[in-house]
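K.L.:
We have chain A; now place chain B onto it with these hints.
Protein chains: 2
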Amino acid sequence: MTTFKELESAEAGTTQPLAQVLDMLPYNDQGLIAAVAQDVNTRQVLMMAWMDRTAIERTLAEGYACYYSRSRNTYWRKGETSGHLQKLVELRFDCDGDAILLVVEQTGPACHTNRDSCFYLLVDGDCIRVTEDPG
Amino acid sequence: MTTFKELESAEAGTTQPLAQVLDMLPYNDQGLIAAVAQDVNTRQVLMMAWMDRTAIERTLAEGYACYYSRSRNTYWRKGETSGHLQKLVELRFDCDGDAILLVVEQTGPACHTNRDSCFYLLVDGDCIRVTEDPG
Numbered sequence: 020m021t022t023f024k025e026l027e028s029a030e031a032g033t034t035q036p037l038a039q040v041l042d043m044l045p046y047n048d049q050g051l052i053a054a055v056a057q058d059v060n061t062r063q064v065l066m067m068a069w070m071d072r073t074a075i076e077r078t079l080a081e082g083y084a085c086y087y088s089r090s091r092n093t094y095w096r097k098g099e100t101s102g103h104l105q106k107l108v109e110l111r112f113d114c115d116g117d118a119i120l121l122v123v124e125q126t127g128p129a130c131h132t133n134r135d136s137c138f139y140l141l142v143d144g145d146c147i148r149v150t151e152d153p154g
Numbered sequence: 020m021t022t023f024k025e026l027e028s029a030e031a032g033t034t035q036p037l038a039q040v041l042d043m044l045p046y047n048d049q050g051l052i053a054a055v056a057q058d059v060n061t062r063q064v065l066m067m068a069w070m071d072r073t074a075i076e077r078t079l080a081e082g083y084a085c086y087y088s089r090s091r092n093t094y095w096r097k098g099e100t101s102g103h104l105q106k107l108v109e110l111r112f113d114c115d116g117d118a119i120l121l122v123v124e125q126t127g128p129a130c131h132t133n134r135d136s137c138f139y140l141l142v143d144g145d146c147i148r149v150t151e152d153p154g
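Line by line, the protein sequences give chains A and B.
Last residue of the first sequence: number 154 in my numbering, and the count goes up by one each step with no gaps.
Last residue of the second sequence: number 154 in my numbering, and the count goes up by one each step with no gaps.
Hints listed in this document are in silico derivations from the structure and should not be mistaken for laboratory results.
Misleading hints may appear alongside valid ones.
No copy labels: a pair is met if it fits in one copy or bridges any two.
[Said to hold, decoys possible] Heads up, simulated DMTMM-like pairs for lysine to aspartate or glutamate below, C-alpha to C-alpha not over 25 Å straight-line:
id	residue 1	residue 2
1	K24	E99
2	K24	D117
3	K24	D143
4	K24	D145
5	K24	D152
All figures in this text were calculated on a predicted structure; none of them were measured in a lab.
Chain A on its own, in the form it takes in the complex (with noise of 0.2 Å):
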């Protein structure tokens, strides 16, 4: 099996299968991997959530991201109940496998606040200032 360190000198073009790189990735105690969501058409970073081996299998499989809730312990469909959804464009794990960015159409905004963004929070100063009001 090829390991991530292998691939870091691979060419653009060298494949290897899917399952292999998913056996191999460094999931936390918890099982579990971060995930950053970018929008694919304002290129806005959208939120930072959390992925087990079974939420990035059903994201692939469905085509819109699936999280897993650290605070309710269940698999979270991002839009199920606000119909804010994901709709995967592309996935990418990073160099070390830590790490995975899904670049998502996103339906409506993306915070449960109704913001565009999660991150709207800026350190302004010696203060953070709120960039956007609530939807």
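P.N.:
Using the frame of chain A, we list chain B on its own:
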């Protein structure tokens, strides 16, 4: 003290002392918060790493991204040896404070493999595919 929960309904322009926010961040059991870096010019998501309170304070004071290395148990100013520094443009927290977004001016490639971004492993059907040659 205003909590993240209370800030959810705050209008744009609302401020809160940074020191209070740093006190109430939900650091994990290693004292860390996940941090994502995005290139201010290309809008590409570059990498994910970890920061503790000191790394956040150093990043803000020095104006360059400083992470905490879990494998080496040490602070790590990104690019300190490679020269591939990340000049800070914006530092943002998400709605519940468990993720940081660094918008940066990236000098050179962000990845230690000399690729522009660490996210070069793309899921393509039942494989992953390397999308960029190493530098």
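K.L.:
Which of the stated hints cannot be reconciled with the structure, identified by number in ascending sequence?
P.N.:
Of the numbered hints, all hold.
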